Amino acid sequence: MNSSISSTLGSIYLGLIVDFRVKRAACLIQRINMEKSVGSLQEQALKRKERLKALRSKQLQGREQDDGEPENKKTAFEEETEEKHKELKLRNYTPEDEELKERQIPKAKPASVEDKVKDQLEAANPEPIIEEVDLANLAPRKPDWDLKRDVAKKLEKLERRTQRAIAELIRERLRGSEEELAAAVGAVGPDQGDSD
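In the working numbering, the protein residues as written are 455 to 650.
No lab work stands behind these hints: they were computed from the structure. Model, not experiment: these values are computed from the prediction. Here a beta-carbon is modelled for each residue, glycine too, at the ideal position from N, C-alpha and C. Check each hint, because a few of them may be wrong.
As the list claims (entries may be wrong) - Listed below are the simulated DSS-like cross-link pairs for lysine-lysine, each with C-alpha atoms no more than 30 Å apart in a straight line:
no. : residue 1 : residue 2
1   : Lys572    : Lys561
2   : Lys596    : Lys607
3   : Lys501    : Lys490
4   : Lys611    : Lys596
5   : Lys596    : Lys608
6   : Lys507    : Lys490
7   : Lys543    : Lys512
8   : Lys501    : Lys512
9   : Lys543    : Lys561
10  : Lys490    : Lys477
Unchecked claim - Simulated restraints, written as ranges between beta carbons of each label pair:
no. : residue 1 : residue 2 : range
11  : Gln513    : Lys555    : 28 to 36 Å
12  : Leu601    : Glu626    : 33 to 41 Å
13  : Arg517    : Val571    : 42 to 50 Å
14  : Ile486    : Leu506    : 44 to 52 Å
15  : Asn546    : Ala577    : 30 to 38 Å
16  : Glu613    : Val567    : 51 to 59 Å
Let the sequences and hints guide you as you build the complete structure.
Here is the structure:
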């Protein structure tokens, strides 16, 4: 008996050792795969950096040479800025040079705003309405008037539900009384009903 127990324990022990070694091998394989993927990601990042450097160098060479044109030629951006400077608009400055006097902008006359102001004043002063004055609004109110006003909607809902519940209870009682009446009529036999 002891030998059978020891043999079963030995087989269980060997099974556990085998399972442990299999799991450990699987973990090692998984770790190796992760290291390979990390290595490939690093390689991809390096390749991407090299491509970006190559593109930058091509762009810089293209700007310097600009397809055989001379290097002293101005870029489009520089030409636009010079044109902007040529179109000076002198609003607040009175130039002394004759050339600049031609560019001077005549002083703007302010637009009349009288009509706009009149319309705004008329809109701001509405006519007093005497018809809307109500004595209930002028009379002092109880301290809890705002609470009653806020709860009124909820009370309306509750009132409707209460009415429905009352109607349902009445219907149930009527059904119950009809059943009792039918039971009473059914209890009276044909012999007992008429004594004549």
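Consistency of the hints with the structure:
A hinted pair counts as satisfied when its Cα atoms are at most 30 Å apart, and Lys572 with Lys561 qualifies at roughly 27 Å. In summary, the hint linking Lys596 to Lys607 is supported, as the alpha carbons are separated by about 19 Å, within the 30 Å threshold. Between Lys501 and Lys490 the alpha-carbon distance is near 16 Å, which keeps this suggested pair within the 30 Å criterion. Annotation: proposed proximity of Lys611 to Lys596 holds, straight-line Cα distance about 24 Å (limit 30 Å).
Only pairs whose Cα atoms come within 30 Å are accepted, and Lys596 paired with Lys608 is accepted, the gap being roughly 20 Å. Restraint check for Lys507 and Lys490: satisfied, since their Cα atoms lie roughly 26 Å apart, inside the 30 Å limit. Only pairs whose Cα atoms come within 30 Å are accepted, and Lys543 paired with Lys512 is rejected, the gap being roughly 41 Å. Under the criterion of a C-alpha separation no larger than 30 Å, the hint pairing Lys501 with Lys512 is consistent with the structure, at around 17 Å.
Restraint check for Lys543 and Lys561: the C-alpha separation of about 12 Å stays at or below 30 Å, so the hint holds. The straight-line distance between the Cα atoms of Lys490 and Lys477 is roughly 20 Å, inside the 30 Å bound, and the hint therefore holds. One distance hint, 28 to 36 Å for the beta-carbon pair Gln513 and Lys555, is violated here, with the actual separation near 45 Å. Judged by the Cβ atoms, the range 33 to 41 Å given for Leu601 and Glu626 holds: they are separated by roughly 36 Å.
Taking the beta carbon of each, Arg517 and Val571 are about 58 Å apart, not inside 42 to 50 Å as hinted. Between Ile486 and Leu506 the beta carbons are some 31 Å apart, a value that contradicts the proposed interval 44 to 52 Å. Between Asn546 and Ala577 the beta carbons are some 36 Å apart, a value that agrees with the proposed interval 30 to 38 Å. Taking 51 to 59 Å as the suggested C-beta distance range, the pair Glu613 and Val567 conforms, at roughly 58 Å.
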